[in-house]
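2 protein chains.
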Amino acid sequence: MTYAVSGVFCASATPLASDLSPDLAAFAAHCHALVQDGCDGIALLGTTGEANSFSSAERRAILEAALSAGIAPSRLLPGTGLANIPETVELTRHALSSGVATVVMLPPFYYKGVSDDGLFAAYASVIERIGDPRLRVILYHIPQMTGLPISHDLIERLVTAFPEIVVGIKDSAGKIENMEAMIARFPGFAVLAGADPLLLPLMRLGGGGCITATSNLVARELAYVFRNANDPAQAEGVAAAQARINAYRDLSNAYVQIPAIKAMVGRRHGNPRWVRTRPPLLAVSAAEEADLVRRLDDIDTLFPGAPA
Amino acid sequence: MTYAVSGVFCASATPLASDLSPDLAAFAAHCHALVQDGCDGIALLGTTGEANSFSSAERRAILEAALSAGIAPSRLLPGTGLANIPETVELTRHALSSGVATVVMLPPFYYKGVSDDGLFAAYASVIERIGDPRLRVILYHIPQMTGLPISHDLIERLVTAFPEIVVGIKDSAGKIENMEAMIARFPGFAVLAGADPLLLPLMRLGGGGCITATSNLVARELAYVFRNANDPAQAEGVAAAQARINAYRDLSNAYVQIPAIKAMVGRRHGNPRWVRTRPPLLAVSAAEEADLVRRLDDIDTLFPGAPA
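Protein sequences, first through last, are from chains S and X.
Here numbering that gives the first Met the number 0 is used: position 45 in the first sequence is 44, and no number is missing along the way.
Here numbering that gives the first Met the number 0 is used: position 143 in the second sequence is 142, and no number is missing along the way.
Possibly wrong hints are sitting among the right ones.
Identical copies look the same in the list; a pair holds intra-copy or inter-copy alike.
[To be verified] Once the Cα atoms are required to be at most 20 Å apart in a straight line, the calculated SDA-like pairs of lysine to any residue come out as:
1. Lys111 with Ala180
2. Lys111 with Glu127
3. Lys111 with Tyr254
4. Lys111 with Pro142
5. Lys174 with Gln143
6. Lys174 with Leu197
It should be emphasised that the hints constitute simulated quantities derived from the structure, not laboratory data.
Remember, predicted model here, so these are calculated numbers, not experimental data.
Please model the entire structure based on the sequences and the hints provided.
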């Protein structure tokens, strides 16, 4: 199956300066490291990137920092979905004006119990107001944060109304059955796993790839699984790669996930300032960080990962 | 008990023009009608006001429209809490710069499962960055939308750290037991009911008043209950007033509440354009509106309300 969007995309974390403003230089360096690791692209400003903890001006600056550092616009998939339509339109237009055509778009996430008709009206209004045929939208299914599941009937209506524009979904709910049903019902619509352990099963079902948090750390393994999932000759290497991915995921989930990922990224880059988060998220404590580093060393011994 | 904030405040709805921009003239007229009805103030840009469906620029324009129309700054309690801290600071500073000191502040509502430490850090960061001793903050407990309950321990920490600033809470969760416990634990901290049926029991417990949706329609009755709740000589009038309030509330809850309230406000002002909502909320259908008008007529017959 050919998809408009396919590959391993990093739900990149966002480093912060001491005043908790985005550390744009550290972010740009991280983006380059992710491409070096084998990421096809960077889904910056998602949940892991603390996007909704930044102002629109900060979000524009973060995207511009990646572009200025030489990351190709085609590799950048910023999150642009806010609770309100006008600022979602504005952020998405800013991305398009920078040559960044593909965005990951949350539904407007304040109200709960919203009907599919209401969510369709919101997405349609955003797409029509933008009015740019270059736009490519990846829907974002993360009901544990939004309370607003993206139903299959809603997808059906959106891909029918905007077949060139609504090209895929990031499914962060962690249920392979939901992904399998979308692959079956919507040929050519890219289903991207938001949960790392599901990359291998998803690729064996013909999925489009992933946008995950541990790709900040183990993108090499994710890229290996993505490329070789359906090659029986690589089954052993694929299993080893997925085991390392899962170990990282399990470790981050033993703490509050996003702060734990940031602490691990800090260790990776030898930059302890990466540990900072913006409220309401809080950085891991020094004790947690020490514990986490010790357990990371164990993982590196027990799960060496994909073949070199 | 003396409270810094006390009375009947309207969680005012926001009328929209045909392009779904805020209809500022209709909004200003509605504010005057609410004051005429007996509202002590207007808690504009809350959940009923579809605040999070507007951009920050639109929110500033809505507040400015009420001020320009001659509503006293001391009567305006705008919602200024967004998912991110910098724009919450910016919106709140804008209110203060217009002489509006009291705001209703949601917690940063994207992430779920956030700790009290994280919510404390977020509120404290906003208050400290604003750095204005005139500021008065009403916390906003509406877990059915935010997924982030405001715990009593969090209130304790906030009123201890900012005793002059954190002055009350809007409790929209609809449990009188929670309100009673806060009244007992935090003397001088104004507990405001977000659910209309609870105004009378709350006032009998010594509460601070209310910020509710049906006050767009029956503020006269709410003001009557507020003033006379503890006067045995007025018990009959108070019961009649509360019965009318409850009938309006029940009627709005028979539909999607906010669109139903807007349709009823439209009927009140003889302005059918009030029915418009911004996605993801959808206006009531023509059939629903006809049904609603018929049932409103029944209420007006069955529940005449407070004594003139």
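Going down the list of hints, with the structure as the test:
1. Lys111 with Ala180: neither (24 Å within a copy, 27 Å between copies)
2. Lys111 with Glu127: Cα proximity of Lys111 and Glu127: none, with 24 Å in one copy and 31 Å across.
3. Lys111 with Tyr254: between (27 Å within a copy, 14 Å between copies)
4. Lys111 with Pro142: Result: close both inside a copy and across copies, 10 Å intra and 10 Å inter.
5. Lys174 with Gln143: within (12 Å within a copy, 24 Å between copies)
6. Lys174 with Leu197: within (8 Å within a copy, 41 Å between copies)
Checked against the numbered hints above, the structure breaks hints 1 and 2 and satisfies the rest.
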